[in-house]
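Novice: Chains as they are written, first to last, in the numbering used here: chain G, -15 to 863; chain L, 248 to 352; chain H, -16 to 188.
Keep in mind that the hints are not guaranteed to be accurate.
Here are some, though not all, of the chain H residues that point toward chain G, as calculated from beta-carbon distances under 7 Å [what the hints assert, rightly or not]: (1) Arg78; (2) Ser81; (3) Val85; (4) Leu88; (5) Gln121; (6) Leu122; (7) Ile139.
Rough simulated footprint, nothing fancy, chain H against chain L, three-plus residues with beta-carbon under 8 Å [as the list claims (entries may be wrong)]: (8) 258 to 268; (9) 272 to 279; (10) 301 to 315; (11) 321 to 333.
Simulated from the structure, these hints should not be mistaken for laboratory data.
Quantities reported herein were computed from a predicted structural model and do not represent experimental measurements.
In this text, a Cβ means the ideal position worked out from N, Cα and C, and glycines have one as well.
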Amino acid sequence: MLEALFPSDDFRLLAIIVALPLLGAVVNGVFGKRLGREAATLMGLGTIFLSFCLCVATFFRLAELQEGERAARLVWHGWQWLPLSPYRGGPGDQIWLEFALSVDALSGAMSLVVTGVGFLIHLYSSKYMQEDPGFTRFFCYLNLFIFSMLVLILGDSLPVLFVGWEGVGLCSYLLIGFWYGEEKNAAAGKKAFITNRIGDFGLLVAMGLLMFYVGALDWKGLEAGAENLLQPQQIWPFGSHIPFFDKLGSFGEWVNTPRAVTAATLVGLALFLGCAGKSAQIPLYVWLPDAMAGPTPVSALIHAATMVTAGVYLVCRMSFVFVMSPAAMFTVALIGALTALFAAMIAFAQNDIKKVLAYSTVSQLGYMFLGVGVGAFTAGFFHVVTHAFFKACLFLGAGSVIHAMHARIHDTDASQDMRNMGGLRKYMPYTFWTFAVSWAAIVGFPLTSGFFSKDEILLKAFTSGIASPLPDGKVGIGAREIEIWQWPPWAGYLLYGLGFVTAVCTAFYMTRLFIGIFFGEFRGWKIVKGYKAAHGHDDHHDHGSHHAELGLAIQGPKPHESPWQMWVPLAVLATLAGVGGFLNAHLFHLHPFDSWLEPVFADAAKHVKLVEGAEGYVYPLLGLAVLAFAGGVGAAYYVYVQQRGEPAQRFTEALPGLHRAAEQKFLVDELYEETAIGSVDSLADVAVVADKWVVDGIIARFTAFVVGAAGSVLRFLQNGRVQAYSLSMVVGVALIGWMLLAPRAEARTRVDDEKGVYSVTAAPGLGYSYRWDANGDGEWDTKDYAAANEISLTLEVAQKRTVSFEVKNALGQTAMGEVPLERPKPDRSGAFEPAPAPPDGAPPPDADAEQNAERALKIIENLPGIKQPPAPPASGEPQ
Amino acid sequence: MIPIGNVIEHYVLLASVIFVLGAVGFLVRRNALVQLMSVELMLNAVNLALVAFNRQHSSDMNGQMVSFFVIAVAAAEAAVGLAIVLSFYRLKSSVFSDEADSLRH
Amino acid sequence: MSVGDVFFLVAAVVALVGAVWTIASQSPIRSALGLLTTIVGIAALFLRLNAQFLAAIQLIVYAGAVVVLFVFVIMLLGPDAGAVSKRPARARGSRVASAALVFVLAVLLVVSLVGAQPSPTKFRAVSPEYGSVEAVGQLLFSRGLVPFELSTALLIVAAIGAIAVARARHTPKRVKAGESPTRRLFHGPLHPRDAGRPLPKEGLL
Chain G
-15 MLEALFPSDD
-5 FRLLAIIVAL
5 PLLGAVVNGV
15 FGKRLGREAA
25 TLMGLGTIFL
35 SFCLCVATFF
45 RLAELQEGER
55 AARLVWHGWQ
65 WLPLSPYRGG
75 PGDQIWLEFA
85 LSVDALSGAM
95 SLVVTGVGFL
105 IHLYSSKYMQ
115 EDPGFTRFFC
125 YLNLFIFSML
135 VLILGDSLPV
145 LFVGWEGVGL
155 CSYLLIGFWY
165 GEEKNAAAGK
175 KAFITNRIGD
185 FGLLVAMGLL
195 MFYVGALDWK
205 GLEAGAENLL
215 QPQQIWPFGS
225 HIPFFDKLGS
235 FGEWVNTPRA
245 VTAATLVGLA
255 LFLGCAGKSA
265 QIPLYVWLPD
275 AMAGPTPVSA
285 LIHAATMVTA
295 GVYLVCRMSF
305 VFVMSPAAMF
315 TVALIGALTA
325 LFAAMIAFAQ
335 NDIKKVLAYS
345 TVSQLGYMFL
355 GVGVGAFTAG
365 FFHVVTHAFF
375 KACLFLGAGS
385 VIHAMHARIH
395 DTDASQDMRN
405 MGGLRKYMPY
415 TFWTFAVSWA
425 AIVGFPLTSG
435 FFSKDEILLK
445 AFTSGIASPL
455 PDGKVGIGAR
465 EIEIWQWPPW
475 AGYLLYGLGF
485 VTAVCTAFYM
495 TRLFIGIFFG
505 EFRGWKIVKG
515 YKAAHGHDDH
525 HDHGSHHAEL
535 GLAIQGPKPH
545 ESPWQMWVPL
555 AVLATLAGVG
565 GFLNAHLFHL
575 HPFDSWLEPV
585 FADAAKHVKL
595 VEGAEGYVYP
605 LLGLAVLAFA
615 GGVGAAYYVY
625 VQQRGEPAQR
635 FTEALPGLHR
645 AAEQKFLVDE
655 LYEETAIGSV
665 DSLADVAVVA
675 DKWVVDGIIA
685 RFTAFVVGAA
695 GSVLRFLQNG
705 RVQAYSLSMV
715 VGVALIGWML
725 LAPRAEARTR
735 VDDEKGVYSV
745 TAAPGLGYSY
755 RWDANGDGEW
765 DTKDYAAANE
775 ISLTLEVAQK
785 RTVSFEVKNA
795 LGQTAMGEVP
805 LERPKPDRSG
815 AFEPAPAPPD
825 GAPPPDADAE
835 QNAERALKII
845 ENLPGIKQPP
855 APPASGEPQ
Chain L
248 MIPIGNVIEH
258 YVLLASVIFV
268 LGAVGFLVRR
278 NALVQLMSVE
288 LMLNAVNLAL
298 VAFNRQHSSD
308 MNGQMVSFFV
318 IAVAAAEAAV
328 GLAIVLSFYR
338 LKSSVFSDEA
348 DSLRH
Chain H
-16 MSVGDVFFLV
-6 AAVVALVGAV
4 WTIASQSPIR
14 SALGLLTTIV
24 GIAALFLRLN
34 AQFLAAIQLI
44 VYAGAVVVLF
54 VFVIMLLGPD
64 AGAVSKRPAR
74 ARGSRVASAA
84 LVFVLAVLLV
94 VSLVGAQPSP
104 TKFRAVSPEY
114 GSVEAVGQLL
124 FSRGLVPFEL
134 STALLIVAAI
144 GAIAVARARH
154 TPKRVKAGES
164 PTRRLFHGPL
174 HPRDAGRPLP
184 KEGLL
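Okay, chain G solo, but in the shape it has when bound (with noise of 0.2 Å):
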């Protein structure tokens, strides 16, 4: 049944999957206030469950179809949305970009964790957010995320997927800064927005360099135009030479030695610019942490989950991109790989709760693209599909923990700072016993989702790697000719070595949070006030301070176990993070994700190279990655359960410079503060300058001090009194009425050269009576004025004479008129050329007054409604 509703040609159940969502955004956005919570919850929820259903039924569908090597894609073509090419020629010359929606098995299984996990977050919100006076609001906006995250996904070319890329970004401002009242956390928002477009622009510039190289900018037209990429493409210096270096002899030289680079760099590089915006990679991860300011289902489903995935998802999308250049994909997997220790050590010294789980955030995302990097794209994908799971398990527990502190501690802070927590284990049982299972599957616990999809990266870090899309390693014809990079041996070495330590680091610090938490004695009986991990400096200058509040009992319940529809997502989510790793546990042969994804990136793979024995490194590498999970686990253990912390006091007092440097983030806030925002901001200073004179001084002052005194000259009209107004509105009828009675002399001429018949027609006008001097002889011909206000008069060849008129109105005053006429000469046809018709308005080019006159007349005769004279016969008179 659903291949006859929907056929594969013409999927149109990917639109209604996209439009549910809009739907409830739409109405809770519009109706919501009206509809109250319960409304608004179904409508919020029901959509997005109706959008996983079909989702499912894609799903299956997509399986029945896929047969193989052969991938499967169902397509909905929606409508021609923008011209990609200028227009020339006919109709069909143009070439369009349609707005169409498509799956395969790669977006198939994404928009399924998006609607799944989106669904179930959605369901948790509902209890976390209830209290709050935003409520349908945040569900607006939360349906709104879904529906762009499903056109991300589900659109089938870049600009369409850039609609959704922007349209996440939108929604992750707007969630970011729900609570908007307080300013950390609109400047939380801004932060993300405006790194985002860093990273758009990036994406943007992509575009336009496919658009260039490849002319498509759809799937199936990139897939078919990719090996164009493979070309040249000089990139310094810009122009032909930079014009002054060529004058400092060898470094000038060396200066201007042009330089290239293939194509598929270019674009790799620019789209991985965009990854690394959405997806928080350095150098662009800043605004993650910071988006932790939002609502906790918000950090869940968008900054854990799903949206800050984009990026692993556009690589594996756009992998057959990414293959042509190892050098792109280097950076890729090495940016990936130094995000992920980097995040990870700033997450050893952070207390905020929500906080440790966004670096680890950033640190899992710079593994996934690790994984895509060095061309495992299954397995960089596998995790982030584990990750949605066991993150988002994570970042909902932390918000139950969070909302039962909050009822003891109303202070967002110190409700978040896992100082005041501990013990929670036996108030929270299964928030506790959810949250194990999701730690267990980020620390790698054997047998759980992280174990396998961790592994499975790490193993391919060290075996595999990108071989030049070309065997000969060249690209470009005669002086063009450059070598394409490739990898170097120790690539694997390099990698698998920061994925391993950041294994152990992230064992070691998810530990320590869990153990925060969950265990010891609970220290939230009495809360230090100011407990903030960003004023650790300022401690150690007013310590009298703080211990005047040390003491401070807090009056409030125990914490509590949450709500049956906070839990529920969390079982659900907890499950699937224990168990989910089978789908690909390659160590048990069991790998029915990676079969699925196989025709997807079966183009792509056929540029990964293994390194020799690739198969004998399984055991020993899966041996070292229990290890590493092994050694974190246990270090933290040792540190903080057997010697409550001791070592750790030791290590900073040891070490302050390195705890506090870790603690403040390495400064790289206060290092983009200083150069990216400070430059901006001395540009803007300058920019004050010409605002506040040019605009503001002359366009805007000046503009309303005319007007103003052009008022205060007016304002004297406005005396209040009727009369005076109606006596403006008799002067103005006066005047019209003097208009219409004063003597006008006008007239028309009727023009009739060939048998020199003239007739002269006065104006009309209320009262007038005419003389006329009709023979030119100065005399009126009659004394007296009277009603006839035409007259016609025959001449001579190349006769010339001027009429006059007299009119006088009803009131005895008069006006004179004059009409020069002259009978022009045949031409030597004999025929009188009617004069050329000047444009409207032109004046006619000659200005001597007798012609114009004679043109004038003419023209009247020109005009419609007059009729031309007859063709003259052909004879015509001899000159």
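Using the hints, position chains L and H against chain G.
Specialist: Only chains L and H this time, still in chain G's reference frame:
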């Protein structure tokens, strides 16, 4: 002998006189009610002229039709105008139009 | 003098006298009666001009509705309607000036009219249907249909507008400063996590 009441001039003259009387009344009187009545006088004068000219050019009855619409508009104008007078009276306890000076500069 | 001439003269005099009465009398109720007189006179002239339908309409609408409306309002206002203004008359100069200007214009107009066509032509005879209810009705519902329908809309709007303008106003309840939606938008409480203040259940946030 010039026939009386059977030529256009007599009607137009009469209409002009009534119109001018209305205009002068509107301009000179301060009582808003009387001013409104003066407006009605002017409208009536115009109607008379219209119908008279229509009688002169009697091939159709467009003038009478337009007069009909003028009467409709006049009725609407009277209703709204009197409502304004009423609400002005509530505001100022007066019907004199020269006391409507709240918007004065 | 024929009967028609007498009819015209009487009607014209009645209309003129009514007009003068309207603008000259001190009491508005007398002005209203003057207006009524003018209206009746003009209705009579309409009859003389073969406009039977319009004559009837003139009486029904003007005499029956408009003048009655005036009388109603005068009654509503009571003695205030005709009271002499307590304040000295203002803008006397502009009133007199504009009236004089109008008068001069009118004289000019009449003079130019008379000067233009010294010999009047008599009205031509018309068929008895001219100006009858049937003929004008036919015209109104064919050529004049759109303006006719528009005029009905105009009357409805005018009636509603008159009600809206003239009805007694209730002073609107002032919104308390803390309750103002804008205020709540910008200064409202943020979240239950925010300092344990009780929150409004519903609100514009």
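Novice: Hints first: check each against the structure and report whether it holds.
Specialist: Against the structure, the hints come out as follows:
| no. | hint | verdict |
| --- | --- | --- |
| 1 | Arg78 | holds, 4 Å |
| 2 | Ser81 | holds, 4 Å |
| 3 | Val85 | holds, 6 Å |
| 4 | Leu88 | holds, 5 Å |
| 5 | Gln121 | violated, 33 Å |
| 6 | Leu122 | violated, 29 Å |
| 7 | Ile139 | violated, 28 Å |
| 8 | 258 to 268 | holds (count 10) |
| 9 | 272 to 279 | holds (count 6) |
| 10 | 301 to 315 | holds (count 11) |
| 11 | 321 to 333 | holds (count 12) |
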